[in-house]
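Number of protein chains: 2
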Amino acid sequence: MPHPPLMSLNVATVRKQWNLREAIEGCARHGVPAIAPWRDKLEECGVEEAKRMISDHGLKVSSLCRGGMFPASDTVGRQAALDDNRRAVDDAATIGAACLVLVVGGLPKGSKDLKDARQQVQDGIATLLEHARAVGVPLAIEPLHPMYAADRACVNTLSQALDICDSLGDGVGVIVDVYHVWWDPDLETQIKRAGNQRILGFHVCDWLVPTTDLLLDRGMMGDGIIDLPAIRSWVENTGFTGYTEVEILSARDWWLRDPDEVVKTCLERMHSAT
Amino acid sequence: MPHPPLMSLNVATVRKQWNLREAIEGCARHGVPAIAPWRDKLEECGVEEAKRMISDHGLKVSSLCRGGMFPASDTVGRQAALDDNRRAVDDAATIGAACLVLVVGGLPKGSKDLKDARQQVQDGIATLLEHARAVGVPLAIEPLHPMYAADRACVNTLSQALDICDSLGDGVGVIVDVYHVWWDPDLETQIKRAGNQRILGFHVCDWLVPTTDLLLDRGMMGDGIIDLPAIRSWVENTGFTGYTEVEILSARDWWLRDPDEVVKTCLERMHSAT
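Protein sequence lines, in the order shown, are assigned to chains A and B.
Once you know that position 223 of the first sequence is 223 in the working numbering, the rest is easy, because the numbers rise by one and skip nothing.
All you need for the working numbering is the position in the second sequence, starting with 1, plus 274.
These are computed hints drawn from the structure, not numbers from a lab.
One or more hints might be untrue.
[Said to hold, decoys possible] The list that follows gives simulated cross-link-like pairs (lysine to any residue, SDA-like), each with its CA atoms no further than 20 Å apart:
1) Lys386(B) / Pro185(A)
2) Lys41(A) / Pro185(A)
3) Lys112(A) / Asp491(B)
4) Lys51(A) / Gln79(A)
5) Lys383(B) / Thr212(A)
Could you put the whole structure together from the sequences, leaning on the hints where they help?
In structure tokens form, the structure reads like this:
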């Protein structure tokens, strides 16, 4: 690799240990140049205060997590989701996030109609996009692993996400999160198809064998079986020069550790395993 | 639907409660016309005895579970897998199984090279196919859900499996197991592509929300979010008239129940939810 990747800390990686202020100070202390807050952490301290703290420490914001969750059983639910997404776009603009990550949502309660849910997602993004373009916040569709298709995101491959991008035009792109897409036989092709214009973020962690929980058992880079250097090279070959955002949801391991050790380990693994 | 599906009992559904003899007798008692044994259950009683018991009760064998697990770190490991697969083919022939299910295997220990594992799978099936054709046992590639790509099967979509079939010719097809493929946006298209010639089996259960275990938390048909009638109609539209094989791995629920209740429930759900 020509250079070690520039790390961004997704705050979920230390969500049990640190509030947003502590995470910002931690990034500054360890020389991590960028951060990606979640909205619950923003709300704890207030968006304006978050903006000030991030700016005071000279950090960039690689993304805001997250908008999305578009499908609902009725128009009231869909409108509530849209209203919340507009607030998320505004928050992303306020803190200067490079994009708003969209975890698009799964099946509405009681529904088995995946095709309809996928259409609701496309319609929801189309509607949100007007506001997002107006305030200059790119929307980043994150395809989630197929094991989340029912309850978190019915967009499950990069190909699906890029089809949505193609149909909606400017202002919308994708997140390539290795945890969700590493298994896809079409991954290299779809990363090429996305290109530098559509790739709004590159997220890393690792897939552990065995994985003991569907949601909260992600591994530290290098501890699992994902060929991170290969995927990184495909992403960088598009011309991508953004941050490599570390997002590790790990209830049984990394959330139990000293957060300074977690950040130091992330930085080391940026060099040795990513 | 023009008719209720004809059920086959995959013995894994009652694996904690019944040995093979009990499962065969249970099928006969409840009017289930077909069965699908696993090899460990065959070995417990011996293949010839299994053949006799199945024949005595007038059951058909919709599949034998399972061959596969082709990738290995070295030639010794690959040869051992092939030898074991030849024995599985012979066992399938002995009991008159309609096909041998292949769970193809994941990454060899220590490897992160998914492309190589997939090539090993293709090469392994190609080699095994000579013997399988000679004894008249169709090989049925079962694409497994992407959450098993690392440790169980690196063939994760129907599209991948059909590409392998296309490259190898006669004597190899696919299993459509709803648990593994329900999320795939390309599913209807790929079922059409497979057609009646390539679809060697149709397996059902359901995807629970939430799913609490990656391996052993499958649901009874109708208890989850899979649109079983839709997928069944796509399969039957190809001309498929085979058995609908029920395979429910359920450590927290169905494996704890009276096995007669389990079989009765499966039969009811064939009508009401499949």
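Cross-check of the supplied hints:
1. With a C-alpha separation of about 14 Å, the suggested pair Lys386(B) and Pro185(A) falls inside the 20 Å cut-off, and the hint holds.
2. Taking the CA atoms of Lys41(A) and Pro185(A), the gap is about 36 Å. The hint is violated against a cut of 20 Å.
3. Restraint check for Lys112(A) and Asp491(B): satisfied, since their Cα atoms lie roughly 19 Å apart, inside the 20 Å limit.
4. A threshold of 20 Å between alpha carbons decides the hint, and for Lys51(A) with Gln79(A) the separation of about 28 Å lies outside it, so the pair is violated.
5. At most 20 Å may separate the alpha-carbon atoms for a hinted pair to count; Lys383(B) and Thr212(A) meet this at roughly 18 Å.
Hints 2, 4 from the list above are not met by this structure, while the remaining hints are.
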